[in-house]
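As a plain string of letters, each chain reads:
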Amino acid sequence: MNILVGISQVPDTTTKIVVGADNKSIDSKGVKYIMNPYDEFALEEALRLKEKNGGTVTAVTVGGDGAKDVLRTALALQVDKAILIKSDSSDSFVIASSLAAVAQEIKPDVVLFGRQSIDYDSFQVAPMVAEILDMPSVTITSKLEISGTSLSAERDIEGGKETISASLPAVISAQKGLNEPRYPKLPDIMKAKSKPIEERAASAAASRSEVVSIELPAAKGKGKVFGDSEADISELVKLLHEEAKVI
Amino acid sequence: MKILAYLETLDGALKKTAFETITAAQNLAKQSGGSVVGLVIGSADVAPAGAYGLADCLVAKHALLEKQSASAFAETVAQAAKAENADVVVLPASSTGKEIAPRLAVKLEAGLAPDTVAHEIVGGELIVARPVYAGKARLKVKITTAKKVVTIRPNVFTAKKVDAPATTATRDFAPSLSDNHVKATVSSVSRNAGKLDVAEADIIVSGGRGLKGPENFHLVESLAGTLGAAVGASRAVVDAGWRPHGEQVGQTGKTVSPTLYIAAGISGAIQHLAGMSSSKVIVAINKDKDAPIFQIADYGIVGDAFEVLPKLTEKVKVMVGK
Chain A
364 MNILVGISQV PDTTTKIVVG ADNKSIDSKG VKYIMNPYDE FALEEALRLK EKNGGTVTAV
424 TVGGDGAKDV LRTALALQVD KAILIKSDSS DSFVIASSLA AVAQEIKPDV VLFGRQSIDY
484 DSFQVAPMVA EILDMPSVTI TSKLEISGTS LSAERDIEGG KETISASLPA VISAQKGLNE
544 PRYPKLPDIM KAKSKPIEER AASAAASRSE VVSIELPAAK GKGKVFGDSE ADISELVKLL
604 HEEAKVI
Chain B
2 MKILAYLETL DGALKKTAFE TITAAQNLAK QSGGSVVGLV IGSADVAPAG AYGLADCLVA
62 KHALLEKQSA SAFAETVAQA AKAENADVVV LPASSTGKEI APRLAVKLEA GLAPDTVAHE
122 IVGGELIVAR PVYAGKARLK VKITTAKKVV TIRPNVFTAK KVDAPATTAT RDFAPSLSDN
182 HVKATVSSVS RNAGKLDVAE ADIIVSGGRG LKGPENFHLV ESLAGTLGAA VGASRAVVDA
242 GWRPHGEQVG QTGKTVSPTL YIAAGISGAI QHLAGMSSSK VIVAINKDKD APIFQIADYG
302 IVGDAFEVLP KLTEKVKVMV GK
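Chains as they are written, first to last, in this note's numbering: chain A, 364 to 610; chain B, 2 to 323.
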């Protein structure tokens with residue numbers, strides 16, 4: 364089975380966002396970058412599919428030289444090949460087109476992504492790549508079973524789950540709960556440092572969006588704080604009803 | 002601009018997000034001096050849309066649409082957008098909308114703005130705002146293509162009834178579909194009976210580690226039940242296995258914008274705050290008066306959630322008459 368897994372590098376969830384000097388990006392100074400948490404489930408699923416069915420796993424990311432770190436992690440987890448598509452674009456169509464070009468080259472049976480990257484939170488890339496490749500897609504997948512060329516997957520929807528059927532090749536985006544990701548072993552981390560990373564140019568597709576600005580949400584005024592006496596709790600309920608008008 | 006509003010339905014009725022989509026589409030039409038046409042897939046009662054000002058609605062029908070395939074839905078919306086010569090398509094950023102919109106954008110060669118919370122037209126150009134980094138920052142983006150696809154975050158564009166209600170006229174729309182458009186099909190759906198989802202709820206009551214153990218979450222459930230609210234949870238208690246991931250609010254869970262968010266026994270780690278800070282009214286209950294959650298709370302109670310919740314539930318019961 365030929366498996367392609369898209370991973371990305373994002374600021375750690377504990378990062379406090381500071382707007383950069385251009386007002387269009389974030390200040391990366393002091394930011395700790397990690398593998399996008401949902402991509403860990405995609406990568407783990409790719410490794411399990413290979414263990415079960417044989418084949419190869421190719422990890423691909425879009426970014427600058429710094430993004431090689433997540434590819435090194437993937438190599439330490441024993442993916443067969445790592446590809447860096449060099450681009451600083453945040454336009455999802457450019458990113459999806461670049462990823463689709465790699466897929467067209469390696470002709471995967473399964474393409475895996477995390478359900479969203481936790482920086483731009485767009486949820487766009489997986490279905491966009493599927494559309495460009497004319498493949499089925501299942502997003503927010505919490506359970507995946509593949510037998511032969513058919514797949515059955517469970518995906519989270521509002522207040523429940525859907526079971527989806529489709530045929531391979533297909534694009535899957537992974538939700539937390541799909542599996543329990545493994546950690547790389549220290550000797551493998553060391554070995555991964557000298558493994559090759561192939562580089563590709565980004566798609567020449569024109570960007571379809573342009574960042575105007577990035578700003579921090581307006582600071583909130585100080586709220587009203589009470590103690591925990593009966594009278595205090597009564598006062599809170601009264602305010603929620605009369606002042607905030609929410610109950 | 003001509004705006005196409007994709008209206009979600011469930012069991013033949015328009016969903017709450019459909020009215021929000023109409024309101025967002027009307028705003029865009031008003032700003033640009035254009036008009037709105039609705040689109041539903043399959044038979045549905047669209048009459049309630051009139052109160053929100055929708056006068057014109059396409060009803061797409063085709064045997065292949067009964068398979069509930071997102072790719073076939075996307076093809077249908079694309080054909081409708083072309084037939085109506087729509088400049089902008091507005092969809093909800095729901096689990097289905099998030100599957101349709103990216104495919105639709107590719108088909109229409111359109112720029113896509115996902116999960117938006119505000120739209121403005123400046124000099125004929127559409128600029129949207131959307132939360133990024135789970136709400137830690139807000140990004141303004143200009144869509145630079147002629148055709149545009151926009152998804153809207155649930156609960157943000159409050160559905161507004163108009164002063165002069167319309168009578169919604171329907172037109173049948175027959176898309177041209179083949180088996181190749183049906184790429185993945187829904188074979189079954191299971192719903193958590195009687196449970197509201199945090200992504201859709203008007204009110205959320207969330208519990209954290211301050212509840213001390215999974216056996217005490219009935220205190221959260223009881224207040225949620227009284228308020229007709231959904232139950233949410235912090236990452237700490239989901240990671241500890243007390244609650245399912247579907248309830249997790251935060252950067253690696255769901256980002257929510259309810260009218261009222263009550264955080265009980267949640268200290269307010271940055272990744273949790275990111276997911277709920279855009280709630281309209283926030284109430285925090287925590288025994289540590291210095292907990293970060295109080296910095297964004299509109300109302301706070303310094304006390305043990307374990308003791309405060311039952312008292313609060315009793316008093317809310319009296320208030321709402323249950």
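Hints were generated in silico from the structure; no laboratory data involved. Keep in mind the model is a prediction, meaning the values are calculated, not measured. Beta carbons are placed, not taken as given, at the ideal position from N, Cα and C, and that holds for glycine. Careful: at least some of the hints might be erroneous.
Derived Cβ-Cβ restraints for the label pairs, each shown as a range [claimed, not checked]:
(1) A:Ser-557 x B:Ala-64: 32 to 42 Å
(2) B:Asn-217 x A:Ser-592: 17 to 27 Å
(3) A:Lys-415 x B:Ser-191: 21 to 31 Å
Hint by hint, where does the structure go against what was stated? Just the numbers, ascending. 1
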